[in-house]
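Peer 1: Sequence:
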Amino acid sequence: MPMIRATLHAALSASLLLALLPPAHAQRSGNIGGCDIRRGTLCTNLNLNGANLEGVNLANSQFTRSDLSGANLRGATLNEANFSQAEMAGATLDGASMLRTNLRGARLTGASFKEADLRNAILQNADLHDADLSAAKLGGADLTNARAERSRFDGAELTRSNLRAAKLAGASFAGANLQGANFTRAQLSNADLTGANLDQAIFLNAQTDGCKGCP
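Residue numbers are given in numbering that gives the first Met the number 0: position 61 of the sequence shown equals residue 60, and the series is strictly consecutive.
Since the hints were derived computationally from the structure, they do not count as laboratory data.
Heads up, the beta-carbon is just placed ideally off N, CA and C, and yes, glycines get one too.
A hint or two may mislead.
[Claimed, not checked] Each pair of labels, with its calculated beta carbon distance range: (1) Glu79 with Arg184: 24 to 32 Å; (2) Lys211 with Thr183: 36 to 44 Å; (3) Arg64 with Lys211: 32 to 40 Å; (4) Lys211 with Thr43: 38 to 46 Å; (5) Asp198 with Thr43: 38 to 46 Å; (6) Thr183 with Asn44: 33 to 41 Å; (7) Thr43 with Gln199: 35 to 43 Å; (8) Lys211 with Asn44: 23 to 31 Å; (9) Glu79 with Arg149: 27 to 35 Å.
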């Protein structure tokens, strides 16, 4: 059933959000009741599976352990929001502003972050395998121990990002800016770094067998 597009303003309440969702979703989302969906809100363990939240401003909000799998957050403002341990598989966050957003331990498999701004975001232990981060800004982001097998970072900006012990087998960083990035103990087997800027990048004890463009 097609999702009804909802533009959420700062004072949009959970009851209005529920009314804008398809009936099937509303029936599955009883735990939304009583939680005010707006900028700076505290709403953990929510079920927003498949919700259309395109362009919303949820900066500084708390969505820890919430389910946003398949949700549309294209162009959303999520600066300093907390999505730690959230379920966001297949979510669309293209062009979203996610400065210093906390995605620690979040499940982001197959999610799309094309041209999203994730500078200084926290992605420690996040599961990003098969995600698309093409042309995303990830300068200063912390991806320590993240899983990102087969993910795409083509043309992305990852200057001074931390990818220590990250699992990046088969990932593509073609044309990416990896200046000063830290790949210590990262798994880069069969990854593609063709045309990437590796100036001052660190690959101490990284696994690079079959890697294209690795030093």
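Peer 1: Looking at the structure, which of the earlier hints fail to hold?
Peer 2: Numbers 2, 8, in rising order.
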